[in-house]
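Residue numbers (this note's numbering), protein chains in the order written: chain U, 724 to 1179; chain W, 724 to 1179; chain X, 724 to 1179; chain G, 724 to 1179.
Please note that a few of the clues may not be correct.
Identical chains share a label here; the pair holds if one copy fits it or two copies do between them.
[Claimed, not checked] Heads up, simulated EDC-like pairs for lysine to aspartate or glutamate below, C-alpha to C-alpha not over 16 Å straight-line:
id, residue 1, residue 2
1, K1002, D1141
2, K908, E919
3, K861, E969
4, K905, E919
5, K1167, E858
6, K954, E826
Keep in mind the hints are simulated off the structure, nothing from the lab.
Now for the letters of each chain:
There are 4 protein chains.
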Amino acid sequence: MTSFFSDLIVAISERGRSFVDVHQVSPEPKDLQTIAKALLSQKGEASGIALASDFFSVYEDMDALELDAFFDILAKQFGPDLKSVNEIIADIGDTATVEAVLELHVKAEPQRQELFRRLNQAPQGTIKLVRLREELLKRLGKNPRLGEVDADLHHLFHSWFNRGFLVLKRITWSTPASVLEKIIKYEAVHEIASWEELRQRIEPTDRRCYAFFHPALAEEPLIFVEVALGKDIPDAIEPVIAPKREITKDRHARLATFYSISNCQQGLSGISFGSFLIKQVAQELLRELPQLEQFVTLSPVPGFLRWLRQLAQDNRGREPQAAPELPDEQLLVIEDLLAHGWPASEDQQQVLQDILVPLCAWYFLHAKDRHQKPYDPVARFHLGNGARLERINWLADHSAKSFGQSAGIMVNYLYDLDEIENNHEAFANEGMVRAASSISRMAKGSSSFQIVEKVS
Amino acid sequence: MTSFFSDLIVAISERGRSFVDVHQVSPEPKDLQTIAKALLSQKGEASGIALASDFFSVYEDMDALELDAFFDILAKQFGPDLKSVNEIIADIGDTATVEAVLELHVKAEPQRQELFRRLNQAPQGTIKLVRLREELLKRLGKNPRLGEVDADLHHLFHSWFNRGFLVLKRITWSTPASVLEKIIKYEAVHEIASWEELRQRIEPTDRRCYAFFHPALAEEPLIFVEVALGKDIPDAIEPVIAPKREITKDRHARLATFYSISNCQQGLSGISFGSFLIKQVAQELLRELPQLEQFVTLSPVPGFLRWLRQLAQDNRGREPQAAPELPDEQLLVIEDLLAHGWPASEDQQQVLQDILVPLCAWYFLHAKDRHQKPYDPVARFHLGNGARLERINWLADHSAKSFGQSAGIMVNYLYDLDEIENNHEAFANEGMVRAASSISRMAKGSSSFQIVEKVS
Amino acid sequence: MTSFFSDLIVAISERGRSFVDVHQVSPEPKDLQTIAKALLSQKGEASGIALASDFFSVYEDMDALELDAFFDILAKQFGPDLKSVNEIIADIGDTATVEAVLELHVKAEPQRQELFRRLNQAPQGTIKLVRLREELLKRLGKNPRLGEVDADLHHLFHSWFNRGFLVLKRITWSTPASVLEKIIKYEAVHEIASWEELRQRIEPTDRRCYAFFHPALAEEPLIFVEVALGKDIPDAIEPVIAPKREITKDRHARLATFYSISNCQQGLSGISFGSFLIKQVAQELLRELPQLEQFVTLSPVPGFLRWLRQLAQDNRGREPQAAPELPDEQLLVIEDLLAHGWPASEDQQQVLQDILVPLCAWYFLHAKDRHQKPYDPVARFHLGNGARLERINWLADHSAKSFGQSAGIMVNYLYDLDEIENNHEAFANEGMVRAASSISRMAKGSSSFQIVEKVS
Amino acid sequence: MTSFFSDLIVAISERGRSFVDVHQVSPEPKDLQTIAKALLSQKGEASGIALASDFFSVYEDMDALELDAFFDILAKQFGPDLKSVNEIIADIGDTATVEAVLELHVKAEPQRQELFRRLNQAPQGTIKLVRLREELLKRLGKNPRLGEVDADLHHLFHSWFNRGFLVLKRITWSTPASVLEKIIKYEAVHEIASWEELRQRIEPTDRRCYAFFHPALAEEPLIFVEVALGKDIPDAIEPVIAPKREITKDRHARLATFYSISNCQQGLSGISFGSFLIKQVAQELLRELPQLEQFVTLSPVPGFLRWLRQLAQDNRGREPQAAPELPDEQLLVIEDLLAHGWPASEDQQQVLQDILVPLCAWYFLHAKDRHQKPYDPVARFHLGNGARLERINWLADHSAKSFGQSAGIMVNYLYDLDEIENNHEAFANEGMVRAASSISRMAKGSSSFQIVEKVS
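All chains, please: the whole structure from these sequences, using the hints.
Here you go:
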């Protein structure tokens, strides 16, 4: 309808190119600090695009040591105006008025924020800033002061990548190759090994892929989800991504399975898109296929084996409060698994299943990290979005990675659109984990192990 | 080339519509304060789009009194967390560390900022927030506390409407009518009375119109400029906008005249786009028509008569330091003009010209406002952009508005792309006004009046 | 989805412009005949675009007399190769074989057809050929040989404007002004007097407008239809196009009324789009608004008064077979109407209604043109499309045009998607006019006039 | 600018899909002949889209034998109306008038043409007709009557794929994957083995790829050309397509080499696009890179070895008129090459070069096919376009295919934009082959062989 507007994006990205054609980078060598200061000065107002462009030209030629030094300068010399802040505090006396606090807020803003806003004028400025943060994050460990710089970028991106500015787009075989190659590259859950495999994920009538884009990063998906349409909740990943499989007509599908969600931009870590994505894709699918009845995931349990290892150590350490407390014969089986890997015999596998599945149920309902959130990161994400844990699937992923992290288990989270909000609030406010009753029962323990109620 | 991306914008605007189809506004009546608090809570994370949508539904049904009350609540109840700030200040003691200042910065951020960011998720959220600020600005006079709210919106828009996110688009007769009607509506300098007049401004080969757009406000130009291509610097507006006039082939043009610049969104006042616009349009034109030699404006002098009235009063008051000091016979002529309007006789007009043109030169070079910036707002804009004052044109605009503000005078500012940066810096740092030497000479006074050097 | 392809059209139209930039029309004067012959020669293969471009440059500078002469040359010198055809016929003897007939077909093709195909290479070639036919059609009356030229253009356009190449687009307020102005210009049924009136036809939620476009004529609608969504079959046009009226939400509409259909290109006369248009728009609307129950028209009866005049003359001439045979008092009333126009008194209007409405029913069912098709051109169109006549509305259009052609009457044709095909076939094969039973009854006559069955 | 129009294409392709949604293929089995006849009847006018859609549903389910039978029916039962034609011929007598010939032309048109025009209404109708002709062409050999059907499709496609309707598009890495995969598939000259190789052909700044598209076949390139920008005329293909090579900035390029041209649609064989393509790409490149000085090709000589084999046989047969007449020692070397393939020793290769290169020059200038056109098909194409033969490059392509067809030789044709038209005419009218003087000299023979002037 409003196709006039469709050129806007092209214009954004081409602005860059055309500018570079006419702009000549100044001949004399410059250091980033000088350019950054110029950009923050009066000069920056008149020649912002040119200075921002120069900045990235120099930046992109720097080696790792130079980058270390530059980020350190960013932390130390482009922070807030301490002197002004101290003067205001001195004036405040006992109790700050609103006016004083607002003034404080303004003066306490690190100069970096305005610097980053001005750098955004460079051709492709936004993606360059995202990449800059990616570099910065790698250095957080060895230079803690960089956390201050990171906080500023996080704050800016939190504002710029506001949900209201994101665009959901379906990814198909008619999508530009330059975007598709990024889907291949960024797929983090179930690897895509070739263009042909990619095609199998997006072209059949029972497959969908959706991504969020930001207008200023047109060729860069921010996050994407892969969806399988079908009739039953899948209990294993192989049939879902098998190259030869029976294809369902989308009109006959009864449910949609989100079987892979991948973030694309490390420079945007901490800016959450996933929760929006799943809900909007669900709505999108419902509009297209109103007969859909259920939305589930098929998800790994990436923290399970790590937790199991800890549990075994705790039990072995005879800590009285180790939970759950495992009978010796179970403990031996688990230790054997942890030490020697997956058993070949079907009998032993059956023994493992009897032990691990109930433990896994317990793990989901009770195992917590140090913030008292679910220990499992994927569970944190989906439960935090308001999903509930629906089913635990034994031997659902035969990949080495899965055996190494999830003991081959995958689970289904169920997104019930009518319940999402309540679940989310119960989870956020009370730490309540919603799960199918069969899972809750299993987690209560069994003959095989004793549940010691330690966690609220 | 990258036309995939062209759908992004359409997707942004259609997101709104499709959402509204499936979302039902809750039946029970709600007040904005309740919704706003929910939006800032956990609930807001799960149901942000729905709550933001509800917010604007309620907001748009409110009458003027309810709006007054709501804005007041915004000011008083969604500010910074005073208690936390005071605690931090108490802890700081004599001198704040960087860490403390950064924490202060975070805690001192008014809750409104996050509220506005979350409201942006509503369908058409960005334009609705811009309109909300428009309403707010109308109330600033009677409720000074609203200035605090305005500061937050200004801060947000300063970040969101960053130059790096704006898109320059040429406006033509093939532009959607929904955009063109806004050009008609927002033209603030030389009114466009009909669609036929609009066509005369954009369709002939020697006319151009460019606007900045933001991806999230696709049908809403932010600012636009109208350009006439020609061979000589125009000295009057009528020939430029005459319906019947000889049309130049664009290939034969030697110069481009910016004869009208209009801001479109009152809700974005204080967010400056004009300086970018003129420079980018100049580059755009140069790329298309490399033979162009000059870029000038044809601009009104909207502060001149107001200043003249003040000058006459000052002179009449015999303030010794009135500048310039006018001879009595000139003072009488000016007072006659101010009291009785434009004289009919050509002789009298000639007398006026001899008096007013040198005064106007002085006005540009020396008359300042209370911030020691040029008294004339249009001069402030173009000189601040790095242009120089090139020529003063007598009887250049016969409209009543022009006689009432500018004494019928229009001027040309010259944008010399090689000089813009230096001019801007000299102006910003030293208040230096660049003008053609003929104007500087005139401003030095003449037999007709004495220049008293009072202003630096 | 496939937005890459969206540039194709832009590319078509821009090809023209860019070419013109680099192509210099040859300096020496040329006549069209020479250029046309060159275009048909070897030279034409190498330099077709340039020659076709030259052709239209010269063509567009010609005056009316030159055009007369040129079209005559087209007729006389660019026809089929008579000599070859005669030789083939001579060879054939008594009975032509398939091979001979196919060879005849090739040789009998007028050279004009290849000429026109090559002219299509010029920038904007297709629309220029359509305009050329428009000029040609104006001259058909005074130069019957031009019919041969016209037949070639008709044949070409029949192939080029094949339904498979047309694109249905909704016209909205976001459509480019360059297209909208053509809707204003080409509206042939109920005039659009201003841009504001246009907006009333396309922007409210209960109004739609759709047009067919051809990719090579991107800014030129071929035909368009205006639609009113509502709850009841309208019985008058004024409420439909009134500037102030109550607007229905499209979700609440139960039926769609096609109240205006206009062809746009005289140069495409004889190439039928209307039947496709109505059916496709009906499908389009059903997809968007599945609750729609009926599709009707609100149509004028433009042949009615002309026929009535003939009928009165026939009756007055006492032709025994005049049908219907009118009682004298009715004849007098009709003659009074034809001579003095619409009566002012309500009594007289009531008398008129009692006479004219049954006559109008008879007119629709029995009055034929010389091809034994319905006398009324609009009836021919809709009945030929498979619609049936549903209702006759008295005093449904108070415009002077309507009184002068249709006696103020409008009718509704009903498009029942399940019946269209049968109706069309019955009409095409047997001349069967489908009408509501109430109309059929009225047409059987009444106390007021005798039906003499003369027409099958 | 005119991006409204950009939706037209999308609309064309989506028309298909949406239609299929609502249209139900009739349940009873139908044969194509019945559907085709219905489509040509009155019924076809009312229900053309549905019937055309049914037609292809049935057609696409047919096996090879059914297709044989169906094409035979097309040939025999959908030809011209022989009876009418014979009647007209009988009436004509000795000499046909223009009127009679025009009537003959109409009646002699095979019914198939209207059938194909109506089939074009089906979703994706145009590409389906192109594919239908592809099937037909495969059967031409065994059923010569199909030539009549083919003539009709050729005539239609000649009109529909008129140059004026084609769109040139650059192919880049941002082009949809669905188009790019066709570039991989259709590349007929220098195979593209992977997506990575494709990227090397289109992404570097010194590479270009352009294709012609038709609006109704949006995802299907018709023909494409690959271009290398550089500084010198390349004398071998390997450096051009090497994965690792030094990349030139496009601004520094002095010449453009067309190193691969591939037709994509066998169903469009005989519809020539290549000549337009090269000229338009040259213009396109000149507009982007005005500094370009030369346009050349790097082309195979695919007929050379076939001709050489014939030449050897003729010489061995001691035909007195064999041309050129080869000395025995040369004949032996050639026979050895033909029998045993490429010699391994460098000495032998040197001997070969001394013999083959002058023979190749002779081949280009004098070897003709039975239509007296150049024997070499690639030479026919480029010389027919107005290029001249510029250089013969020894050992320019080491692929097995090249050794088997071209003896490893590649040549450069030069497109001199100022000379194209003259060259084309001289070639078309007089069979004149334009070649660099060095090649002409070589072709005059040497000590190594005698030229017997046999060909004009």
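Taking the hints in turn, this is what the structure says about them:
no. : hint           : in the structure
1   : K1002 to D1141 : within (11 Å within a copy, 40 Å between copies)
2   : K908 to E919   : both (14 Å within a copy, 14 Å between copies)
3   : K861 to E969   : neither (44 Å within a copy, 33 Å between copies)
4   : K905 to E919   : both (15 Å within a copy, 14 Å between copies)
5   : K1167 to E858  : neither (46 Å within a copy, 58 Å between copies)
6   : K954 to E826   : neither (59 Å within a copy, 52 Å between copies)
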